[in-house]
Amino acid sequence: MKLIIHGGFFSESSTNPETKVAKQTALERIVKDSYEFLKSHSALETVVHAVTLLEDDELFNAGTGSQIQSDGEIRMSAAIMNGDTQRMSGVINIEKVKNPVQVAQILMQYDDRVLGGSGATSFARVHGFPAFSTEITQRRVEYEAKRKANGIGTVGCVALDSNNKIAAATSTGGKGFEIPGRISDSATVAGNYANAFCGVSLTGVGENIVSNATAAKIVTRVSDGFSLQEAFTKTFSELKPYDGFAGAIAIDGQGNMWHQDSHPSMVFASFDGENFEVFD
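All residue numbers in the sequence shown are consecutive under our numbering, ending with 280.
These aren't lab readings, by the way, just hints derived from the structure by calculation. Watch out, some of these pointers could steer you wrong.
Simulated pairs of lysine to any residue, SDA-like, Cα-Cα distance not exceeding 20 Å [to be verified]: (1) LYS165 - PHE197; (2) LYS20 - VAL126; (3) LYS240 - ALA213; (4) LYS96 - GLY116; (5) LYS98 - SER118; (6) LYS39 - GLU274; (7) LYS98 - ALA131; (8) LYS240 - VAL210; (9) LYS20 - ILE136.
This structure is a prediction, so every number in the text was calculated from the model and none was measured.
Just need the whole structure built from these sequences, with the hints factored in.
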């Protein structure tokens, strides 16, 4: 059993040392809690559990603490993918929901598995998700001051369970101050993808990630015989012509874990029951 999570990017120029330590502590708590959950649950259930914990933590730009768009509203996106069944579900630009990843989980049962905008929000209400404000004071201050944040915040998880099944989940509060209606990579196969061979979750600039089809490329290359590291090296090299901004976490079917970013520094943590690693 293996588990790796990410919480977007950390920038020394815009985040203080206290926040860095807080993120390290939060990621350790979440990855170890989620590993305990994985012991008695599937990979798919576990990635939803882990991303829910990340969405609930104000330190990360997903769920509570999401960025505010240019019109003053918060719209979020999330997706999950079952590597065993090749089913993906997601919500795009959903509003006033505490945990978008849980709405994506419910959608997995339906034929229409990716919903956007008001349709996604209405689906959530019908299925018992109450209206919930994910705005925090810090985000409103940033918005009112028109001080654009980094725009590279997303959370995600990839898990390998005891039956060697892989799943991936990704959730984001957006890049902040974007045009309403903008679609990020998080609920697409560029940002969240898994099959029987590999699972990947991305963070970074969505437009760069979509242009490179990053997650799908990595998984496809592992499926075709590349090692996980080789797949990352090749795929990240293809971001260089346009200085693409991305970070990714992954686990393959043999239990190998890998993480890489094109710019410093992605916030991540991994745990396999014995070995723990967190960004430094």
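Structure-based check of all given hints:
no. : hint            : result
1   : LYS165 - PHE197 : 9 Å, holds
2   : LYS20 - VAL126  : 39 Å, violated
3   : LYS240 - ALA213 : 14 Å, holds
4   : LYS96 - GLY116  : 13 Å, holds
5   : LYS98 - SER118  : 16 Å, holds
6   : LYS39 - GLU274  : 13 Å, holds
7   : LYS98 - ALA131  : 8 Å, holds
8   : LYS240 - VAL210 : 14 Å, holds
9   : LYS20 - ILE136  : 19 Å, holds
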